[in-house]
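Going down the list, the sequences are from chains A and B.
Residues in the first sequence are numbered from 1 upward in steps of one, following my numbering.
Residues in the second sequence are numbered from 1 upward in steps of one, following my numbering.
Just so you know, these hints were derived from the structure itself, not from any lab.
There could be a bad hint or two in this list.
Stated by the list, open to error - Label-pair distances were calculated between CB atoms; the ranges are:
1. Gly133/A <-> Asp229/B: 40 to 50 Å
2. Phe142/A <-> Ala258/B: 46 to 56 Å
3. Phe142/A <-> Gln93/B: 42 to 52 Å
Claimed, not checked - A few chain A positions that, by computed beta-carbon distances, are all more than 10 Å from chain B:
4. Gly70
5. Phe102
6. Leu119
7. Val156
Yeah, the Cβ is synthetic: ideal placement off N, Cα and C, and Gly gets one too.
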Amino acid sequence: MPIEYTKQEIVRPIKARFIIFSLIVALLLNQQSLPGIMSLLCPDFLALVILYWNIYHSKQFGMGAAFSMGLLMDVSEANVLGQHAMAYSVMIFFVSTLCQRFQMFRLPEQIFQIGLLLLAAESLILLIKLLNGAQFQDWNFFFASLIGALFWPLLVFFLRKLSSGAH
Amino acid sequence: MEIIPQSFKYTPGAFMRLAFLLPLSLLIMLTDNHFKYLPEIRQILATAIYPLQIISTAPVTAYARINEIFSSNQQLINENRHLKRQHFIDSAQVQGVLALETENKQLRKLLEIRQQDKNKAVMVEIVSIPRDPFSYKITVDKGSQNGIQPGQVAIDDVGVIGQVTRTYPWSSEITLITDPEHFVPVQTIRNGLRSVVSGTGKDGILTLNYLAINADIQEGDLLVTSGIDGIYPPGLLVAVVSKIERDVAHTFARIICAPVAGVNLNRQLLVLSPLLPGLEDLTKKIGIQIKTKER
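All chains should be modelled from the sequences, with the hints used to inform the complete structure.
As structure tokens, this is what we get:
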């Protein structure tokens, strides 16, 4: 009986340059300040890109990388250092334990799972903020993860198209 | 020599990594929050991210440029006319102010009161307003290299925006007056009643604390900085009283105010020179630095 390799094993590494570039673009998108309610609904693009690289190229993009991107995010938002770092690490932990079957799922199921992962990260950040003495404001806060999940197919399409030439 | 393929090399599992990173992030949070031992790390990261913040303002700048290019002649003429009229009105007012200033100086000399110095100001531009609804801090495009120090006050063309709380080489953070931990000493223009206004954590809502229920304050009263803290120069417009609840069950009245300035209105701000001159001399004499409250 021939040994069956999973798809994961034969993925060729992506150029680090390309990964860094995509992360920079995501950070840029996160920096955009939109007026009023729009800013509440704006998804965390950096979290999405981190999820993509960790799901499809986990050898190259692990929890440590997600952690350091979280630190950058905290500085750019002028927040207490470490809260995004913690949220992203926990998110990646869920990916690596609960979602090893992730690539097998069909797109709607993937969207659902991504939504849950983003929600977990957002809730953790919210929890940290509440413990830090912030006041809870608006349930709209959670819509961002829903919208982020809807961005997932688009992101997968783009990154796959672009990275197909970047091995 | 034996070569181990990439796939068979030992790497710590997800659980082990989390077990390392989770306490690490907790440690970082605690240190940053309670001990403030991490300014260097923050400085390095902020400097690294600064080019990104500048690039991220590019769409807005580009939009303004394109608008400029395509704005019609008539629009420009109208704008020019409006600005000329405004300039005329302003210069007329400035003449009055100059006369008053000299008069004030002479009177102060007669009374031997300390001279009030004018504030120098640095024009800055907002580069980032966090998308996070819990963050009441904005980043502007000038920092310690441009002579900005923590504690300086930021205003826009109407009133107080906030206070510089952290500086990096080329950028600095301004905490807005809507931050729940930010307090501004104010007085009403109408009768000079002094109090302290603080943020509530909600956008566009401030509260006036510790005023007795029978205090003489009305809806629509304008609040200006009183200047008794030595950080905010006196006479800057801060907020307008929008709602007063006088409940006899409480000792203090519940007074809601609306800030007059806002970061949503314009991208340019003025950062005023650090402290009142008298205080600066004092600190030099005693040889201590006044530590501004840093969050």
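Quick rundown of the hints versus the structure:
1. Gly133/A <-> Asp229/B: 40 to 50 Å: Given about 23 Å between the Cβ atoms, the range is violated.
2. Phe142/A <-> Ala258/B: 46 to 56 Å: violated (28 Å)
3. Phe142/A <-> Gln93/B: 42 to 52 Å: Holds: the Cβ-Cβ distance is about 50 Å, inside 42 to 52 Å.
4. Gly70: Check fails; 8 Å does not lie beyond 10 Å.
5. Phe102: Holds, because the least Cβ-Cβ distance between Phe102/A and chain B comes to about 14 Å, which exceeds 10 Å.
6. Leu119: Leu119/A is indeed farther than 10 Å from all Cβ atoms of chain B, at 16 Å.
7. Val156: holds (22 Å)
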